[in-house]
Amino acid sequence: MSSWLDYTINGLIVGNVYALVAVGLALIFGVSRLINFAQGSIYLVGAYIGWVAVVQLHTPLPLTIIVVAAAAAVVGLIIERFGLRPLQNSVRIAPLLATIGISFVLDQLVMLTFSPNPRALPSQLPDVRFQVGGGTIGPLDLLIAGVGLTSALLLFVFLRYSKLGWAVRAASQDRDAAMQMGVDVNRVNQAVFGIAAALGGVSGMLVGMYYNQIDTAMSLQATLKGVVAEVVGGAGNVPGAVIGSLLLGLVESYGVAVFGTSYRNLFAFLLLVVVLVLRPNGLFASARQAPPEPLTGTFIAPSRPVRIPRWALLAAAAIFAVLPFFPVSFYVLQTLINAWLLGMLALSLTLVAGTMGQVSLGHAALLAIGAYTSALLSLTLSVPVGLAVIGGGLMSAALGTLLISPSFRLRGHYVSIATLAIGEIVSLVILNWESVTRGPIGISGIPPLSLFGYDLISPSSIYWFSFAVMVVLALLQGRLLGSHLGRSFRAIRDDDIAARAYGLSLNRYKSLAFIFGGFAAGVSGGIAAHLYSYINHETFNTQQSILALTVVILGGLGNVVGAIVGAVALVGLPEVFRIAAEYRILIYGIVLLLLVRFRPQGLLGTI
Amino acid sequence: MTANVPEPLLALSGVNTFYGQAQVHFDLSITVARGHIVCLLGGNASGKSTTMKIILGLVKPRSGEVTFDGASLIGLSTPQIVRRGIASVPEARRLFADMSVRENILMGAFVRNDRDAVAQDLDRMLTLFPKLGQRLSQRAGSLSGGEQQMVAMARALMSRPRMIVMDEPTMGLSPLYVDRVLELIRTINQEGVSVFMVEQNASLALEIAHEAYVLQTGKIVLSGPARALKDDPRVRDAYLGGSEAA
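So the protein lines, in turn, are chains W and S. Our numbering puts the first sequence at residues 34 to 640. Our numbering puts the second sequence at residues 248 to 493.
Be a bit skeptical, because a hint or two may be false.
Claimed, not checked - In the BS3-like style, the derived pairs of lysine-lysine whose C-alpha atoms are separated by at most 30 Å in a straight line are:
| # | chain 1 | residue 1 | chain 2 | residue 2 |
| --- | --- | --- | --- | --- |
| 1 | S | Lys477 | W | Lys196 |
| 2 | S | Lys307 | S | Lys466 |
| 3 | S | Lys466 | W | Lys196 |
| 4 | S | Lys477 | S | Lys466 |
Don't read these hints as lab results, they were simulated from the structure.
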């Protein structure tokens, strides 16, 4: 039986670990106004370097810490130099997307090098516990606390007394003015990325030792927790990030104490959403701090969409429609069915992120809502599958929009963070709401697709069904974009202040975009559920959200035809080239990076 | 280089600047003589601030030449240009709001490595701007607009520049501070620092400037000694409200 003191100690220790990640994020955000989604990957790299050092090279602990910090710093410097510096003059969303791509690439490289199986990372410290009041504390706790305090102290001294530290502070308050004082912003960026990566790497190693286990899933979790802590403390505010981290650690620890381990993350993301709604600038950002730069206007790479003649579209549609009459393999149809399902999700996201400018990183949640609704309607209420899928779409439209509505008042990167958190919350609610969703067991035995009483079991019938649904959704969306409503969406994306001045209600239009997008994504999820016949809380994960985003950028943000072309390309090409599954995510990450760097307007151009 | 025309310290010649498709500067040529105060007048959207950004390397011209002390500035980064001896007082001051007044002033000496001399210069700034003495440990963002302007000027002087470029140094200040700022610009200039300032307030700027240029939608429409421009009816009509008052 653990005491409250134990939970407090645990919360503070975990908070310390988060702080090492969050401080780096805060430094980077301060200087570049960028949320570095690759921070968790550096943490992962740190953990594995630590494993190599401890298990294979048998380095003593102090040396291990130095090796990890130095190696992680090098990774950070490489990311800054080759991943982000070339993007300095590109659209504002580009560096954010680049860090997502980098994170995919790093995670996959670690997974391919070390295999996805968890490994033990021994701490090399004696396994004793000291009695402190009503709780206990071990040497590792003290080590983590010590590393945390030492880092904070070093950072304070650096920022307060060194010339480079002054440059960092000046650049984070006013980049242009700092340049006019002679500050070389590239050097500042380098310094900040190096420090952030060193801290993040050490943090990953310490966590690995704390749980005596490391695996590749650590990466995304660390990024998410670091971002939560940083935003709670006030983005870009270094002391705020420390306090936010400790608060997050405590909230999680007490949450676990009361409700159990599976609630840990739920509390983290709820804390984030509550803070974003009540104090979008974080707990410790005073009013004087410049608001995050509106990412409207130059947000999306401006370009002229590629004109595709109507006959070409009709011909393409006709070819795909008659495809099953030809002797094509089941495998080809299966691949294209996946492409159509991803196409529906991409239609939804291209509307929300491209046309409306709300870059959602939690779009898989809309799939999940649609899938669970449709599955449960048909299983427990015996609703015909065709109707159940539509029910899934409607539920996704309604519930999704409701859940995302707290983010409507946010802008730019904050929208991405909020949608990411909301996506995680949906998945965690599904995991924990056992009476309805069957929790971690998932839902099995979902009836196959059927229409007017006829089961769609043959691959060609499923193919036709999903293709037809996608075409209908695409046609509707095309009409929408040409309408007055579509123009209003784009007006809000391009300049929300001007749009508001013309009397457009932002909330109403954002809701409409999410309702339409939610329906398309929900239908896609619903069809997928009946196709897979088994779903659980991990079926629709963040990786899928990011994949959808890559598809949408590949096709051209806001571009309806582009979304479908992007889906076919990203699903189809790896199949054509027979790329093994474990390399696919790596390819997606590289595609995203190359797109952001060389063709941010996508294949068919933004609309 | 005739005997009575001082060699120009800064020269822009034939500069054409574009923001995307839109041309901002048309064949712009401006010179700042050594030891002079030169003023660039112009209304909104005339391209004044962009001229300053060109000099500081924050915006790159599509064509044309910019030289400082005989050497080209084209292709240099802003920090490199600052190291050549150009300091700036940006529009709306742009102080580092969360750093103290002392830290702000010392940031001006970022390019210098002579610690002792920097400390002496800080003392010198406090005699030049006595009010700042009591404010040294205060957050810069908490000062009034006029006091912030003093900090911005002190910060610019700390690099021991040969030239200071100022973007609307009197904007948003109370009349009392406007006079004070103009007085200080004159003092700074008398100590040997050349000044290039961009202003909307023509009558004030022409008081202290040696030469002036009038910029209209990216073209120089008038230039000459400040004294002459002050009496020029075209300037009076455009900026001093001459004909409207009549």
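For this session: Take the C-alpha atoms of Lys466 (chain S) and Lys196 (chain W), compute the straight-line distance between them, and say whether it is at most 30 Å.
Result: Not OK: Lys466 (chain S) and Lys196 (chain W) at ~42 Å, beyond 30 Å, violated.
Exercise. For the pair supplied as a hint, Lys477 (chain S) and Lys196 (chain W), is the alpha-carbon distance within the 30 Å limit?
Worked result: Outside the cut-off at roughly 46 Å; violated.
Exercise. Keeping to a limit of 30 Å between CA atoms, is the pair of Lys477 (chain S) and Lys466 (chain S) held or broken?
Worked result: Status holds; Cα separation ~19 Å.
Exercise. Hey, Lys307 (chain S) versus Lys466 (chain S), does the alpha-carbon distance stay inside 30 Å?
Worked result: At roughly 17 Å apart (the allowed maximum being 30 Å), Lys466 (chain S) and Lys307 (chain S) satisfy the hint.
The earlier numbered hints that this structure contradicts are 1 and 3.
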